[in-house]
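Residue numbers (the numbering used here), protein chains in the order written: chain L, -16 to 363; chain Z, 3 to 557.
Derived from the structure by calculation, the hints contain no laboratory data.
Accuracy of the hints is not assured; some may be wrong.
Stated by the list, open to error - What follows is a list of derived Cβ distance ranges for each label pair:
no., chain 1, residue 1, chain 2, residue 2, range
1, L, G122, Z, I419, 55 to 61 angstroms
2, L, S20, Z, E556, 32 to 38 angstroms
3, Z, S376, L, S20, 41 to 47 angstroms
4, L, I153, Z, L27, 54 to 60 angstroms
5, Z, V407, L, D137, 54 to 60 angstroms
6, L, G40, Z, N402, 42 to 48 angstroms
7, L, G122, Z, S376, 36 to 42 angstroms
8, L, I153, Z, A297, 49 to 55 angstroms
9, L, N(-4), Z, V407, 38 to 44 angstroms
10, L, G122, Z, L23, 39 to 45 angstroms
What the hints assert, rightly or not - Chain Z stretches covered by chain L per the calculated footprint, using a threshold of three residues with CB under 8 angstroms from any CB of chain L:
no., region
11, 456 to 464
12, 541 to 552
Yeah, the Cβ is synthetic: ideal placement off N, Cα and C, and Gly gets one too.
Letter by letter, the chains look like this.
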Amino acid sequence: MIEFKDVIKEYPNGFRAVDNLNLTVRDGEICVLIGPSGCGKTTALRMVNRLIDVTRGEILINGQPNDEFEPEVLRRQIGYAIQQIGLLPHMTIRDNVAIVPRLLDWDEERVRQRVDLLLDMVGIDPGIQGDKYPRQLSGGQQQRVGVARALGADPPIMLMDEPFGAVDPITRAILQEEFLQIQQEVGKTIIFVTHDIDEAIYMGDRIALLRAGRLVQYDTPDDLLALPRDDFVREFVGTDRSLKRLHLISVRDSMMNNVPCCDDDATLQEVTACLDRHHSDSAFVVDAGNGKLLGWVERPALVEYGSLSEAMHHAPAASIAVPEDATAREALSVLLSHSFDLTPVIDAEGVLTGGVSIQRLQDLVEEPGIHAAMQRERGR
Amino acid sequence: MTEATKNGAAIAGWRLPYGALLWLLAALLIFAVGQRTVTLHDQEKFIGDFAFAVEQVKGERRLILNLTAGSFVYGVTPEVILPVPTGRFSRGDPSAPQVAQALFDALNSVSEITIAAQTITVAYQGNMEAEQARSRLRRPVNNAVANDRGTITAQVSAAAENTIVFSTSDERFRYAQYQPALVESIEEYDSRAAAEAGSDLARFIVSESRPLESLRLEPTRLVVGYAEGAALEPLARNLREILNDFHPRASLAPSLWLLTAAPEIIPPLLAIAVEPLETGIPLILFTLLMVAVEAGIFFVIPHKGKNNLLIHLLHIAAVFLLFWSILGHEPLWDAILHAIFPTSAQLVHPQGTVIDFAAQHLELVLTSSIYIISGGLFLGVMVTRENFREFLPLVNNVVNSGQTVPTLAIVAIMAPIIGLGFMPAVVALIAYGLLPVVRNTIAGIESVSVSIVDSARGMGMTSQQILLRTELPIASRIIMAGIRTSMVINIGTATLGAFVGSGGLGIPIASGLSMTVDAFILLGAIPAALLAILTDYVLGRLEVVLTPRGLLIET
Ligand SMILES: Nc1ncnc2c1ncn2[C@@H]1O[C@H](COP(=O)(O)OP(=O)(O)OP(=O)(O)O)[C@@H](O)[C@H]1O
Ligand SMILES: [Mg+2]
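Just need the whole structure built from these sequences, with the hints factored in.
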């Protein structure tokens, strides 16, 4: 647990970069510090491992003030990753990851095992890349090594200052996702600085929004989006905050299980009965044998051709359906692009498991309570 | 795919053992050149003007010539140190020793000179300023005696008027005299035929002198047996001419020279004493050995060889020894200089051989470089520390403007302040050579990006660990470049040390200029240039060796 208690930082020129910050980061949580450039995020972060001294107030780590430690001793227990990565160019990838364990005098065998484990974890092959030098890796690979290095001696706490800031959006998305998976395994207490609200919403268990050194709002992503405290927050999270909230919800949580659907060998009567039952003009068609989505059929076509096999539209599942583990926002995107009322949802095998409608999504973003509940259910 | 392209690919895949081939080339060159024998031309080295006392052996047809002057012994400075004869001498006295003669020559008004063991008292007439007389007379004394300059003081006498007293802290005044020498060891020939098959000198003597029947060469004696009826007077005269005409011949095959350091001198002044050592091992054997070593490295450890520190050091040492051996081979210098200046009477400097000067030069350069490198690194590291950063602009300015002061000016300014000799030259060299090292150390450390230092700090490195494990390794290449620049410049600058009496390759250059012997200028300039090129090569290799591999990757 990391606690900021009435923390004030004044730079020697009198500038107050952090003003009366009170903040508690719970164990195992990712706390995202966000705010406009210059609002004091980096300053707040670097005070935790005493790269910057606190002017007034104190920072407690597991209840103990951080100035009771020698700075070096403190820093070796706290992982630190920065946007510029800062890999030492004269050392191999392995040696870079091994820096903190070696500073802690681990024996070489243990260091080696730890380095292999970490490199594997961040998706760098220790055998192939381990003996290369930082300059021989791509930016994305270097970021991974930077994260592995911060995890070096298995510190309970990690400080990350825009760690994915220097890579292209696609790589960033991959790194974010991978990092969340790693976090699921390691459960560190993390302070994560970013100025990208999407990243904050995606990565954060809680988001602390700062403005000119002051904490404006500290909430879960969903609550921040649903209940912005003031105009500054509202503006900062953006007018598309409803869309962003959809981003937080998975299709699995928002889909309806009961959707109009018929087997591909169904008779005309069976199909019509199904459409009538659902008060719908169209239905999804699935393989009678394995339940995989094959396409859809519309009432006028049925009337015109008189048989399902002739009337149905065949379409590859991937082009019309969304997978269960996609976000509600992706479902919305599919809905908009196909002008469906209902977009089918499939599982990893391609089996139709339900559907998402515009109406349903609208309901979700209108009722904050529901999502807060869902959020909790997802156990994030 | 045709055969031709396949072959092409195969050939492209080959790697040649360049190292071995280069050494083989060197061996072939040394072999080709070493086959030749050259006539040695230097007059200074072989004191012409042989003089001897003739002694006839009664009843035998034998003539003994006892050498009183002249020398053929090559490579050994043919001189002995003798005490200056004491006594009172007046102008025109033929028995006056050399130092007295020099003083009479230097100043016309000198009337009487009294020499005792530790003092030389010079009396002069007229109303000359005492100070002026003292400064006019000091140089001839210094030149004529063998005592170290530092031990001699010159004072205006308080007891007598118009009198200057030179005194030495040595036991007594001494002077140097050439030791006459014909050969190094005795050679004996009892017939003309034997002599014709003998040494160069013996062959020359019998071919030039008809009445000669037997010949014995001793270091200081020439004993000849002559044919019946030969006239002795012309024979003796003839023999002296023969000796004066003879030029020794020498092989151009060099031998291996090593460099040794005398460690006992190191503690007091941190001065490196360098001694050149001739091993007598033919250089060609060494080059052939290197061919084998290179081939071994190439075929046995082809890949490791590229980055192995030891192999780099081996290369550096081998190239140095080759160069050093060539510097040490005096007949080569004699031949080269005679080819360039066929009419020059002096080709080899009287004060020493090329390798002696080169060794002094190295001493000067290495000693000053130790101070330069340690001091420069220290200064550069200091001003980049948090606590001393405020001095950085100051040091930067001093360093940059210091570079613009001409070298000769520094030497000239230093001389009156700290006097003459070895250490003053070292100090002047330090003052000048410090600059590139400090500047590059600062630049190197500043080049380490802030984020790298920040992440090192954030991981919990102490400032010392940051310096040693992060800043210095990353800066090492730039720092090494500074050291390289400094040392190469230093080699050139050290030639100016001759003006403050520090020895080194500047000595032949300076005396060549003052005596207008062009050969001497080259005798200093060529080795100095070679030394600079060699140092550049050695440090260039070291730069590669010492730069961490991760930094050599281009981005
Ligand atoms: N050493 C310093 N002396 C004076 N002012 C400083 C110093 N370091 C930072 N500041 C000021 O403190 C404020 C906060 O800086 P900080 O680096 O914490 O911002 P940030 O929120 O991380 O911004 P960014 O998103 O651009 O990284 C800025 O206005 C900056 O100008
Ligand atoms: Mg910042």
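Here is how each hint holds up against the structure:
no.	hint	in the structure
1	L:G122 to Z:I419: 55 to 61 angstroms	holds (57 angstroms)
2	L:S20 to Z:E556: 32 to 38 angstroms	holds (34 angstroms)
3	Z:S376 to L:S20: 41 to 47 angstroms	holds (45 angstroms)
4	L:I153 to Z:L27: 54 to 60 angstroms	holds (57 angstroms)
5	Z:V407 to L:D137: 54 to 60 angstroms	holds (57 angstroms)
6	L:G40 to Z:N402: 42 to 48 angstroms	holds (45 angstroms)
7	L:G122 to Z:S376: 36 to 42 angstroms	holds (40 angstroms)
8	L:I153 to Z:A297: 49 to 55 angstroms	holds (53 angstroms)
9	L:N(-4) to Z:V407: 38 to 44 angstroms	holds (39 angstroms)
10	L:G122 to Z:L23: 39 to 45 angstroms	holds (43 angstroms)
11	456 to 464	holds (count 9)
12	541 to 552	holds (count 3)
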